[in-house]
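Hey, can you work out the whole structure from these sequences and the hints?
First to last, the sequence lines map onto chains W and U.
So in the working numbering, spot 61 of the first sequence is number 53, and the numbers just go up one at a time.
So in the working numbering, spot 160 of the second sequence is number 152, and the numbers just go up one at a time.
Just so you know, these hints were derived from the structure itself, not from any lab.
Identical chains blur together in the list; that is why a pair holds if it fits in one copy or across any two.
Here are the computed lysine-lysine pairs in the PhoX-like style, where the Cα-Cα straight-line distance is at most 25 Å:
id: 1; residue 1: 146; residue 2: 163
id: 2; residue 1: 171; residue 2: 17
id: 3; residue 1: 146; residue 2: 84
id: 4; residue 1: 163; residue 2: 17
id: 5; residue 1: -3; residue 2: 174
id: 6; residue 1: 146; residue 2: 135
id: 7; residue 1: 17; residue 2: -3
id: 8; residue 1: -6; residue 2: 174
id: 9; residue 1: 50; residue 2: -3
Protein chains: 2
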Amino acid sequence: MKNQKAIILLSGGIDSATCLAMAVKQYFQVYCLTFNYGQRHSIEIECARKIAQGFAVKEHKIMHINLRQIGGSALTDEIPVPHNRELLLMHKNIPVTYVPARNTIFLSYALAWAEVVQIGDIFIGVNAVDFSGYPDCRPAYIKKFEELANLATKIAIEGIVRFVIHTPLIKLTKADIIKTAKTLGIDLSLTHSCYDPSPDGSACGVCDSCLLRLKGFSEAGSKDPILYCYKK
Amino acid sequence: MKNQKAIILLSGGIDSATCLAMAVKQYFQVYCLTFNYGQRHSIEIECARKIAQGFAVKEHKIMHINLRQIGGSALTDEIPVPHNRELLLMHKNIPVTYVPARNTIFLSYALAWAEVVQIGDIFIGVNAVDFSGYPDCRPAYIKKFEELANLATKIAIEGIVRFVIHTPLIKLTKADIIKTAKTLGIDLSLTHSCYDPSPDGSACGVCDSCLLRLKGFSEAGSKDPILYCYKK
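Right, here's the structure in full:
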């Protein structure tokens, strides 16, 4: 039997689109939340819009918040996006594309909206295999946010809702996620992963996110349908 | 000996101004963070600016975020602010002036900024005595956010900083806070507490926040220097 409602954090990438497709199978009404946060790759917002439309979600809210006021990341500040890094290095060091406290900010807004629409189930497409370096993608962090949510809000305190942060991709590799996405019928040509796209929207092919995406497609034995310009 | 740096959430009310004054005594450099979040009483932002200037803080950041996109509170939505409620009632029920997940959102931004400027000490002027109804003002919530902060961020994971959420007012009544504020030389005429001010900026005198403020001044045996219009 389907559950009632869920909120999905939707970035426009493969992971969150897959999360959304998984939630749509389990819930009658799905609410999507996307952030225009001053990210270098704001093209992903248009992708998120098309993906949400494709799934006929109940509501898609695009929050405008300006993390450039805070900066400190290659995605929100005047810091170059690293090119052609080795995968081993990605695992070892938290990269400059890490945005300080981003998932905490995103989940906080999801929590606020969830409280207003009285939804306990929140989905986030974090996965700890390919990007184990990001602190706010790990299971211990997610568990702690879930505990916080149940202390932070009126509807949890009053017993109306119990918050659960769902992370259905947490143990999947990028290849696993791509296979799942295809099984669920997601049009992957609508997704965007690149941190540093060209003005025409084509992916750079050399940032960490492109490298992981391309590796994922390769391991999944399928072809990535998006355009790459392979920046020098 | 003074510590190095701290971040203070500054709303423009008595509590956060007192928090700021306390921090200024303990830290060399104080960074203030204020939110223009679409609040009905946005006049408090100007108060915050004057208070921060008075203390010659190192930096005062005013974040523009629009919680009206989420709504669900008398402060951010088309819900009337309750007038002349009994204090007993304020303690029993979480009022409609509660803004869903507000402190979680505010603390998340403080955490993001703290990470960029590498500051571990974050001050928030919550107090659990007079407004025990708000879930995100209680000690258990604050402790949980502190735990989250130390899992959520690169600088905590790498051992560069340990986050501490300071709540120096948590056990004080409003009267205690007012006495402390006066001892610390805060110009309380610069502070603003009213949820529903008149266009001329005078306080309504009848919302929960005004009632608690007036009761606090009365119990502290002093006169509130701000203007009231006492709305009908």
